[in-house]
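Undergrad: What follows is the residue order along each chain.
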Amino acid sequence: MQPAVEFRNICKAFGPVQANADVSFAIAKGSIHGVIGENGAGKSTLMSILYGYYNADSGQLLIDGAPRSIRTSHEAIALGIGMVHQHFSLVENMTVLDNVMLGAEGGFRLAAQRAAAEATLRDICERYGLDVDPRATIHDLSVGAQQRVEILKQIYRSASILILDEPTAVLTAQETAALFDILRRFKEQGKTIILITHKLGEIMDITDQVTVMRAGAVIGAVATATTSKEQLATMMVGRPIEGVLPRAPFQPGAAVLKVDNLQLNDKAGVRVLADVGFTLHAGEIVAIAGVSGNGQSALLEILSGMRLPSSGRVEMLGTPLPFAGLPDADGLPATFRTLGIGHVPEDRLRDGVIKDFSVMQNTVLGYQERVTNRWGLFDFAAIARRCARLLAAFDVRPANPDLPIGRLSGGNQQKVVIAREVSAAPKLLLVGQPTRGVDIGTIESIHKQLLKMRDDGVAILLVSVELEEVRALADRIIVMSGGRITGELNIEEFDTTRIGLLMGGMNTVGGMHTVSGVHNA
Amino acid sequence: MKTTELPRWATALLLPVLNLTSALLVAALVIRLLGESPLESMTILVNSAIVNPEGLSYTLFYASTFIFTGLAVSIAMKAGLFNIGGEGQMYFGGLGLTLAMLFFDASLPAWLLIPAAIAGAALFGAMWACIPGYLQARRGSHVVVTTIMFNFIAASLMNFIIVKYLIPDGQQNPASRVFLDAGAMPRLNAWLPVLGDTPLNVSFLLAIVALAMYGVMVWRSLWGYQLRATGLNAHAAHYAGVSISRTIIVAMLVSGALAGLAAVNSVMGSTHYLSLNFPAGAGFVGIAIALMGRQHPVGIFLSAVLFGALIQGGFDLSLEKPNIPQETFIFIQGLIILFCGAMENFYGPAVLRLINLGRKG
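As they're listed, the protein sequences go chains A and B.
Residue 8 is where the first sequence starts when you use the numbering used here, and the numbers rise one by one after that.
Residue 19 is where the second sequence starts when you use the numbering used here, and the numbers rise one by one after that.
Next up, chain A with everything else stripped away, as it sits in the complex (with noise of 0.2 Å):
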């Protein structure tokens, strides 16, 4: 049988980097594909290429066996490939229904298409098990429904190529799963699934082949029943990864963090977080594990000093923090840096860089008061020395200060900011997310630099939904549901079970299980 999808010898070259260098394999019709790579390794490049993105500077492409040239997106729906991007391109304020149409109307008069749309698609659903609404609006829809609506739209064009960059990447676990339910469906109806991730786990589960890619080449393509986890990454990032990585004996300091009857509401006047509170130690990392959106992103805030809370008592060192009073938070960051509190934020581009600026002043960016001398002008010297400094010693590729950082890939970004924060010699560490979006290689160092600072005596409080982080790095681990704390644990006592059920807001004292009754905001 003609593979659906081949590549021959494609390159891609953007000035002085080859994003894509003699890249050659071809995927089978009905199959599931995972491509895999770290940040960087020219998978994006590819899929965009043949999404018609962009043009490959030489080599060809065959759907279904013939030679095709894509140019543009318009010309690949035509052939039957879809994309699902990694961020959704979906109307917020549109229907369901609406957002499928969008660019497929079929014709001047809506009224008559959009009946014969809605019968359509409720046949789709069906057929592939998608629970959507038609005429439900995007945004009230959960981010995994969101992304059932993509899939939905590239179904209703009738693509038989389905393209998913990193899918799982804002979705929980059983939306994980339901996805995969759903895309072994589409398999089952012959169609072709190409699948870009960082999680081998998720390769591992539900691919049929994979190609591993570094460096904008191929580097093998294995049959998924014949890998394992361990190889893939050996082969992704061109050593082996250690499993374990070494930390000195747990030996926490005097208390750093004392977070006393913590509460948020937000706007609405729904409970954000309630009654929440902790200790944090010197040379000890603290992590909270729980289901993304169930008050840990309010609580990083709120003791950065982005956010104020309804009510309740932090103190810092002995010192409580300064909330009290306050109208609003607006420029209060900058207090609590000086007081010693650093901050890699959960949402890297919107908070943590500023896209248009250079890697140079992204470096400075939270401790722009400390680089200007007495006339209120920037010592760029000084900058610039300690830019080298930071992007050789964290390893940031290309390592060009002056390039904007929104040129470097997501792990590289990701580098600049833990590297800004570890370099300002914070008491406290408060750290959202790390990892997201980066790859192995990259984890590793990230882990690595984060374990060395908690050697160093450094308070770390880790918010991670990633359980396989949060057992690598964390001395204690509280879990966090509806805006409570539901449980709390020592390392030893790691139980994925255990823990996933306070994640659900389960308190299992005692072998009753109670469900606390907090609106999960």
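Be aware that a few hints might be false.
With beta-carbon atoms standing in for the labels, derived distance ranges [unchecked claim]:
{"hint": "1", "chain 1": "B", "residue 1": "Phe178", "chain 2": "A", "residue 2": "Gly114", "range": "54 to 60 Å"}
{"hint": "2", "chain 1": "B", "residue 1": "Val48", "chain 2": "A", "residue 2": "Glu82", "range": "38 to 44 Å"}
{"hint": "3", "chain 1": "A", "residue 1": "Glu99", "chain 2": "B", "residue 2": "Pro25", "range": "36 to 42 Å"}
{"hint": "4", "chain 1": "A", "residue 1": "Pro334", "chain 2": "B", "residue 2": "Phe178", "range": "35 to 41 Å"}
{"hint": "5", "chain 1": "B", "residue 1": "Ala360", "chain 2": "A", "residue 2": "Ala232", "range": "56 to 62 Å"}
{"hint": "6", "chain 1": "A", "residue 1": "Pro74", "chain 2": "B", "residue 2": "Leu31", "range": "38 to 44 Å"}
{"hint": "7", "chain 1": "A", "residue 1": "Glu473", "chain 2": "B", "residue 2": "Ser159", "range": "38 to 44 Å"}
{"hint": "8", "chain 1": "A", "residue 1": "Ala73", "chain 2": "B", "residue 2": "Val48", "range": "48 to 54 Å"}
{"hint": "9", "chain 1": "A", "residue 1": "Gly114", "chain 2": "B", "residue 2": "Ser159", "range": "39 to 45 Å"}
{"hint": "10", "chain 1": "B", "residue 1": "His160", "chain 2": "A", "residue 2": "Asp386", "range": "43 to 49 Å"}
{"hint": "11", "chain 1": "B", "residue 1": "Gly158", "chain 2": "A", "residue 2": "Glu99", "range": "15 to 21 Å"}
{"hint": "12", "chain 1": "B", "residue 1": "Phe178", "chain 2": "A", "residue 2": "Glu99", "range": "45 to 51 Å"}
{"hint": "13", "chain 1": "B", "residue 1": "Val69", "chain 2": "A", "residue 2": "His81", "range": "50 to 56 Å"}
Bear in mind the hints are in silico, worked out from the structure with no lab data behind them.
Just so you know, these numbers come straight off a predicted model, no measurement behind them.
Quick reminder that beta carbons are idealized off the backbone N, C-alpha and C, glycines included.
Please build the complex by placing chain B on the supplied structure of chain A, with the hints as guidance.
TA: This is chain B only, laid out in the frame that chain A set:
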């Protein structure tokens, strides 16, 4: 090697030149339709605006005003604010300056009077921009909406103030009294007689200083860093500890002060009295200058000189060629704004293809 982005020389130099040429070509076509020779007209325009020292002096006189209004729009833009209230702020700046003059021009010596009047212009301009700035920062009222409304309010209010309080007794002309000689900005022809009897004055030098200070403050100072951070990504600026509302209010204050300073050139440098509607659109031209000059000091200077040259050359051209009404140059201004502002990147893709073609071959 194929590139997906234009090199810097192309975006900074080639594209503006292409855009400007296109605007002038369309203008040439219109002049042709009006029955005049485009080439001859262009020669008259260039001679009168640039080559002739007296003409150049007028060009730079107009440019001095535009540099200030252009800077006013640019600095707000750097903070992510579109201040289209330069017109009203300049108008109000004129009031501040005039009040200083009316109160002190008989009592203070020139070396105290002029700085006081300049300070008055900046203060009143800043004051008029401060309210929209405050509303944006604290109440979230969009600055585009408020500043444009403030232009209208300024126009009506100034009308009222001039007619009710500033017209000297027994006069009909809606204008203040003429300032005493101590209040005149020193003209540059005192040092450079070749400039002839033109109003080009010390304001031009102040404008150059303002450009330099703008460059230093925006790109080399802590203040400028926080300003640009707020403009590019307010979330990240908040994360970095920048006070967003303070940055917005200060940016609007500085923007309004710069617009107010534009009044110094036209009122103290030329007319020596406050008249109805004296800004005559200079505040709006500032928007075009900021866009065309990409908020860069050199770009702002060049655009301001270009617009000054158009006014000066256009005026002379309409005198020499009766077929060409003076309004033609408002039309050419519009074309330039269209090509250099709205269609800024019109030639980008074509230039990119050419560059790639050249590299391949």
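Undergrad: Each hint needs a verdict: does it hold in this structure or not?
TA: Now the hints, each set against the structure:
1. B:Phe178 <-> A:Gly114: 54 to 60 Å: holds, 58 Å
2. B:Val48 <-> A:Glu82: 38 to 44 Å: holds, 41 Å
3. A:Glu99 <-> B:Pro25: 36 to 42 Å: holds, 37 Å
4. A:Pro334 <-> B:Phe178: 35 to 41 Å: holds, 36 Å
5. B:Ala360 <-> A:Ala232: 56 to 62 Å: Because 58 Å falls inside the window, the suggested range holds.
6. A:Pro74 <-> B:Leu31: 38 to 44 Å: holds, 41 Å
7. A:Glu473 <-> B:Ser159: 38 to 44 Å: Distance hint for Glu473 of chain A, Ser159 of chain B holds at roughly 42 Å.
8. A:Ala73 <-> B:Val48: 48 to 54 Å: Given a distance of about 53 Å, which is inside 48 to 54 Å, the answer is holds.
9. A:Gly114 <-> B:Ser159: 39 to 45 Å: holds, 42 Å
10. B:His160 <-> A:Asp386: 43 to 49 Å: 37 Å Cβ-Cβ, so the 43 to 49 Å window is violated.
11. B:Gly158 <-> A:Glu99: 15 to 21 Å: Holds - the Cβ-Cβ distance for Gly158 of chain B and Glu99 of chain A, about 20 Å, lies within 15 to 21 Å.
12. B:Phe178 <-> A:Glu99: 45 to 51 Å: Cβ of Phe178 of chain B to Cβ of Glu99 of chain A: about 46 Å, so the range 45 to 51 Å holds.
13. B:Val69 <-> A:His81: 50 to 56 Å: holds, 53 Å
Hint 10 from the list above is the single one not met by this structure.
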